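The listed protein sequences derive, respectively, from chains A and B.
So the first sequence is numbered by our numbering: it starts at 17 and just counts up by one.
So the second sequence is numbered by our numbering: it starts at 6 and just counts up by one.
In short, the hints are calculated from the structure, not lab data.
Remember, it's a predicted structure, so these values are computed and weren't measured experimentally.
Treat the hints with care, as some may be off.
Claimed, not checked - Label pairs and their in silico Cβ distance ranges:
1) A:85 to B:20: 46 to 54 Å
2) A:43 to B:45: 33 to 41 Å
3) B:82 to A:95: 17 to 25 Å
4) A:88 to B:45: 17 to 25 Å
5) B:72 to A:34: 23 to 31 Å
6) A:38 to B:46: 15 to 23 Å
7) B:55 to A:55: 24 to 32 Å
8) B:62 to A:34: 25 to 33 Å
Claimed, not checked - No more than 20 Å apart at the CA atoms, straight line, and that leaves these computed lysine-lysine pairs for PhoX-like:
9) A:115 to B:14
10) B:62 to A:17
11) B:62 to A:58
12) A:115 to B:62
Yeah, the Cβ is synthetic: ideal placement off N, Cα and C, and Gly gets one too.
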Amino acid sequence: KQEVTQIPAALSVPEGENLVLNCSFTDSAIYNLQWFRQDPGKGLTSLLLIQSSQREQTSGRLNASLDKSSGRSTLYIAASQPGDSATYLCAVRLYNFNKFYFGSGTKLNVKP
Amino acid sequence: NAGVTQTPKFRVLKTGQSMTLLCAQDMNHEYMYWYRQDPGMGLRLIHYSVGEGTTAKGEVPDGYNVSRLKKQNFLLGLESAAPSQTSVYFCASSQTGFDTEAFFGQGTRLTVV
């Protein structure tokens with residue numbers, strides 16, 4: 017069974033800091049990995065999708081990397097803003113299984 | 006552009022009552038999923054479907070049933086609600102392929118008293 021772990025569980029930083037969120041998974045036979053943002057009481061918004069053959073993806077101030085061999089992905093947020101405050105979730109999709117496995121998320125608070 | 010729509014958004018049930026949650030997607034996706042989200046436990050897969058007329062069990066299927074009679078709709082049923090089923094339920098859909106992402110609905114907050 018695929019296990020997905022996100023560290024840290026919570027993070028509080030001052031505005032303007034660059035930060036890294038971590039996601040690790042136990043089964044490296046993944047189809048792709050997706051990072052989501054979830055605001056309180058809301059659904060999940062897709063941020064970045066990394067295919068298994070890719071090393072990284074970028075969107076604005078966000079950069080996600082993938083190292084399949086070590087079972088790790090990182091989400092880098094540059095110049096953080098209070099509006100980035102949310103819970104960030106990673107999900108992996110396995111080959112031969114049409115399912116997504118989620119980590120428990122990292123709750124980010126960016127202080128003005 | 007509706008995406009994935011869940012109905013209802015909130016519901017309070019009494020123990021033993023039944024209800025159906027509806028998920029509708031307008032992206033012609035083959036795959037649809039039902040997850041529940043509980044504090045400290047992340048999202049756990051209840052049931053999923055890889056196409057019209059097909060369903061399969063996920064990690065936590067007990068107490069739930071599903072149907073996918075039409076490609077665009079995926080229904081989640083609770084036959085006899087229990088307090089342990091108090092949760093936020095999310096529906097998602099996706100297409101197959103390396104470059105396809107999952108799209109989520111806004112969630113249904115269910116409380117069983």
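Hint check results:
At about 49 Å, the CB distance of residue 85 of chain A to residue 20 of chain B agrees with the hint of 46 to 54 Å. Between residue 43 of chain A and residue 45 of chain B the Cβ separation comes to about 23 Å, which falls outside the hinted range of 33 to 41 Å. With their beta carbons about 46 Å apart, residue 82 of chain B and residue 95 of chain A fall outside the hinted range of 17 to 25 Å. Take residue 88 of chain A and residue 45 of chain B: their Cβ atoms lie about 23 Å apart, and the range 17 to 25 Å holds.
Taking the beta carbon of each, residue 72 of chain B and residue 34 of chain A are about 47 Å apart, not inside 23 to 31 Å as hinted. Take residue 38 of chain A and residue 46 of chain B: their Cβ atoms lie about 19 Å apart, and the range 15 to 23 Å holds. A hinted range of 24 to 32 Å holds for the C-beta pair residue 55 of chain B and residue 55 of chain A, which are about 30 Å apart. At roughly 42 Å, the beta carbons of residue 62 of chain B and residue 34 of chain A sit outside the given window of 25 to 33 Å.
At roughly 24 Å between alpha-carbon atoms, residue 115 of chain A and residue 14 of chain B are farther apart than 20 Å, so this suggested pair is violated. At most 20 Å may separate the alpha-carbon atoms for a hinted pair to count; residue 62 of chain B and residue 17 of chain A meet this at roughly 14 Å. For a cut-off of 20 Å, the pair hint linking residue 62 of chain B to residue 58 of chain A is broken: about 25 Å separates their Cα positions. Taking the CA atoms of residue 115 of chain A and residue 62 of chain B, the gap is near 11 Å; set against the 20 Å cutoff, the hint holds.
In summary, the numbered hints that this structure violates are 2, 3, 5, 8, 9, 11.
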